[in-house]
Each structure stands twice: as C-alpha cells, then as structure tokens.
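So you can see what is in the structure, the chains are spelled out below.
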Amino acid sequence: AQRVTQPEKLLSVFKGAPVELKCNYSYSGSPELFWYVQYSRQRLQLLLRHISRESIKGFTADLNKGETSFHLKKPFAQEEDSAMYYCALRKSGGYNKLIFGAGTRLAVHP
Amino acid sequence: DTEVTQTPKHLVMGMTNKKSLKCEQHMGHRAMYWYKQKAKKPPELMFVYSYEKLSINESVPSRFSPECPNSSLLNLHLHALQPEDSALYLCASSLGLDLGEQYFGPGTRLTVT
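Residue numbers (the numbering used here), protein chains in the order written: chain A, 1 to 110; chain B, 1 to 113.
Rather than coming from a laboratory, the hints here were simulated on the basis of the structure.
Keep in mind that the hints are not guaranteed to be accurate.
[Unchecked claim] Below 16 angstroms or equal to it, Euclidean Cα-Cα: the simulated EDC-like pairs (lysine to aspartate or glutamate) are:
#1 A/Lys91 <-> B/Asp98
#2 A/Lys15 <-> A/Glu79
#3 A/Lys91 <-> B/Glu84
#4 A/Lys97 <-> B/Glu101
#5 B/Lys38 <-> B/Glu84
#6 A/Lys15 <-> A/Glu80
#7 A/Lys73 <-> A/Asp62
#8 B/Lys40 <-> A/Glu8
#9 A/Lys97 <-> B/Glu44
#10 B/Lys41 <-> A/Glu8
#11 A/Lys97 <-> B/Asp98
#12 B/Lys40 <-> B/Glu84
#13 A/Lys91 <-> B/Glu101
#14 A/Lys91 <-> A/Glu32
#15 A/Lys97 <-> B/Glu58
Only a predicted model underlies this, so the values are computations on that prediction, with no experimental measurement involved.
This is chain B alone, in the form it adopts within the complex:
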C-alpha cells in the first residue's frame, strides 16, 4: 500500500459541531503532517508528528486538535470552527523528519456553515 488515505472526502459542519478528520498510511512512515489549503493558495503546514509525538504546531488555533493514536493513523479533531476555516485539509506522511519525500492524501474538503 503506497497511498495516504483520508476520510471523509467532504464534510459540512456547523460552527457548534464537533467532527474529526482521519488520515491513514501503511507505508511504515513515522512522520505525518496536516496542511490547510485555501482555494487557489498553496498548502500551509499546521502540525507535524514524528513517532506519534507532536513535533511542530504552527500556531494553529486550539479549535483544531490533532491526535496520533498510532504510527499509521492521524486525526484532526474540529470544534467550534469558523466559516473562514473552510478549506481543503491535506494529510501527508514521510519516512521520517528530514527524511524522504512527503506523500500527500487527496484531502478532505471542509465547509463550515
């Protein structure tokens, strides 16, 4: 398996909802990433996990809460989001920090109403 998968593909949520995005890879990669991509903009790094520990938090608001339950899974828990948080959320993985290219998932298109 040489892919990063993400679920769901699309998500619509209200500002009071709690939802989660899921990312999975079975390539034995030990670094995983969350990116946010607004329309017609490049991806922006949000979080980096290495060996299931949070390595980088790019000053992301606390309404976004990442979780890495094991080496294959990465979640992004969402709560009390704002309409401006609507974007494509991309997950990526790599062999390790500073090691290997990043493989990207197809993304979850999030709309906050």
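The shape of chain A in the complex, shown without the other chains:
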C-alpha cells in the first residue's frame, strides 16, 4: 500500500538554525514526491517537487530511493518559514492522486 510518513508533528527551532523535515514513503513503483506548505490562513501551495530539483525559499529536498525518503532541508530557518508542511506522493499513472503525509508544523522562534 502507498503511504507517506512524516514522523514529527511539530518541529520547533530558533531563527538561523538548520531545519530538516522528514518524509518517508512506501510505494512499489516510481513515485513523484512533493512538498506542500500551508501558511497560517493561506491556501495549500506547492513548495517543491522532486523532478524539478530546485531550491525554493532556500528549501531543498532530495529523493533518496534507497532510503525511500524525501526530506526537506533549509540551512538557516526564518520566522516566516513557520507553517504546516505536507509531504505528498503522486502515483505514476494514478490520475494525479496525491497521498499526503500527516504533516509537520514548523515553528521558527526569534
């Protein structure tokens, strides 16, 4: 069965500290992995996708097929990064169905 696991419900760091939000997945095929972010009182929006291999707002994520992980990283957290982060998997040939992890709330303190 397809599953996305985000082990941390809450990650609390100080401004300027490195951040790593963990995401592990279970899928037998070739998945597409995404990170979505939901800032307070704003809509859910795409942050990163693994096929792009880009850096957005200083965040990067690398797909590690051996460890079935897609951790989100940022070297220096900012207060405006505080939000809910969801890792999501899209099944190949799967009608664009996204399977979301439970989410991790990132709180960046001054």
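Once you have looked at the hints, place chain B on chain A.
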C-alpha cells in the same frame, strides 16, 4: 487569473438542509478535485473530474454529490449530512490528469449542526 476560488468561505447547515459548495478556475485546467480536510489532518481526496467527467470517486457517501457543469466550474451538493462531515472542503485543479501541479483553493469551512 491564476487562482482557484471557492464559495462560500464558511457554511453552517443542519442535517436536513441541502446546500452546495462552488469552485471556479479560469486557468484552462481540465482536471478538478474535491478534498476533505479535518482539523489537524492532511487533505483526503474525495472526487476527481477530468474533462467534466467523473474519473475517481473515493468511496464517498452519496450524501455528497459532485457536479461539473463546465470546464471552469465544480460543485459539491450536500444533503442530509452528519455532524462528522464538518470539515474544510478544498477544491483543486491541474492542467490534466497526471499532468501539472495541483492548485488549491482556500476552502470552505463547513459546520453541520
């Protein structure tokens, strides 16, 4: 226009009421989605439409009835809901099935009394 809009923002309804949620996009996307999001939980897919035809129904109870009258509009008709159906209902759209990222609307906060 690069947004998905949803109306109303908030809705309170009784268990015997009939109401509808509306979603609209003008990005030329041909796939549209309904999700349900309970508090502190991730979104869960309910329905997927592609080219105005229902492609996926994730075993949603019949008290939820989707409708796609045209390529820009997606409705969710509600009837005889239960209090446990109270949630944030999200609409999303994408260029096509298996094509492009999903753009989400702000959601409708539904409370069933």
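The hints, checked one at a time:
This hinted pair checks out: A/Lys91 and B/Asp98 have alpha carbons roughly 9 angstroms apart, not beyond 16 angstroms. Taking the CA atoms of A/Lys15 and A/Glu79, the gap is near 6 angstroms; set against the 16 angstroms cutoff, the hint holds. At most 16 angstroms may separate the alpha-carbon atoms for a hinted pair to count; A/Lys91 and B/Glu84 exceed this at roughly 29 angstroms. Between A/Lys97 and B/Glu101 the alpha-carbon distance is near 11 angstroms, which keeps this suggested pair within the 16 angstroms criterion.
A threshold of 16 angstroms between alpha carbons decides the hint, and for B/Lys38 with B/Glu84 the separation of about 9 angstroms falls inside it, so the pair holds. Of the pairs offered as hints, the one joining A/Lys15 and A/Glu80 holds, with about 10 angstroms between alpha carbons and a cut-off of 16 angstroms not exceeded. The straight-line distance between the Cα atoms of A/Lys73 and A/Asp62 is roughly 9 angstroms, inside the 16 angstroms bound, and the hint therefore holds. Between B/Lys40 and A/Glu8 the alpha-carbon distance is near 13 angstroms, which keeps this suggested pair within the 16 angstroms criterion.
Taking the CA atoms of A/Lys97 and B/Glu44, the gap is about 10 angstroms. The hint holds against a cut of 16 angstroms. This hinted pair checks out: B/Lys41 and A/Glu8 have alpha carbons roughly 13 angstroms apart, not beyond 16 angstroms. Taking the CA atoms of A/Lys97 and B/Asp98, the gap is about 8 angstroms. The hint holds against a cut of 16 angstroms. Between the alpha carbons of B/Lys40 and B/Glu84 the distance comes to roughly 15 angstroms, so the proposed pair stays at or under 16 angstroms and holds.
Taken as a hint, the A/Lys91 and B/Glu101 pair is honoured in the structure, with Cα atoms around 13 angstroms apart against an allowance of 16 angstroms. Restraint check: the Cα-Cα separation between A/Lys91 and A/Glu32 comes to about 7 angstroms, which is no more than 16 angstroms; the hinted pair holds. For the hint linking A/Lys97 to B/Glu58, the alpha-carbon distance of about 10 angstroms falls within 16 angstroms, and the restraint holds.
In this structure, only the earlier hint numbered 3 is contradicted, and the remaining ones agree with it.
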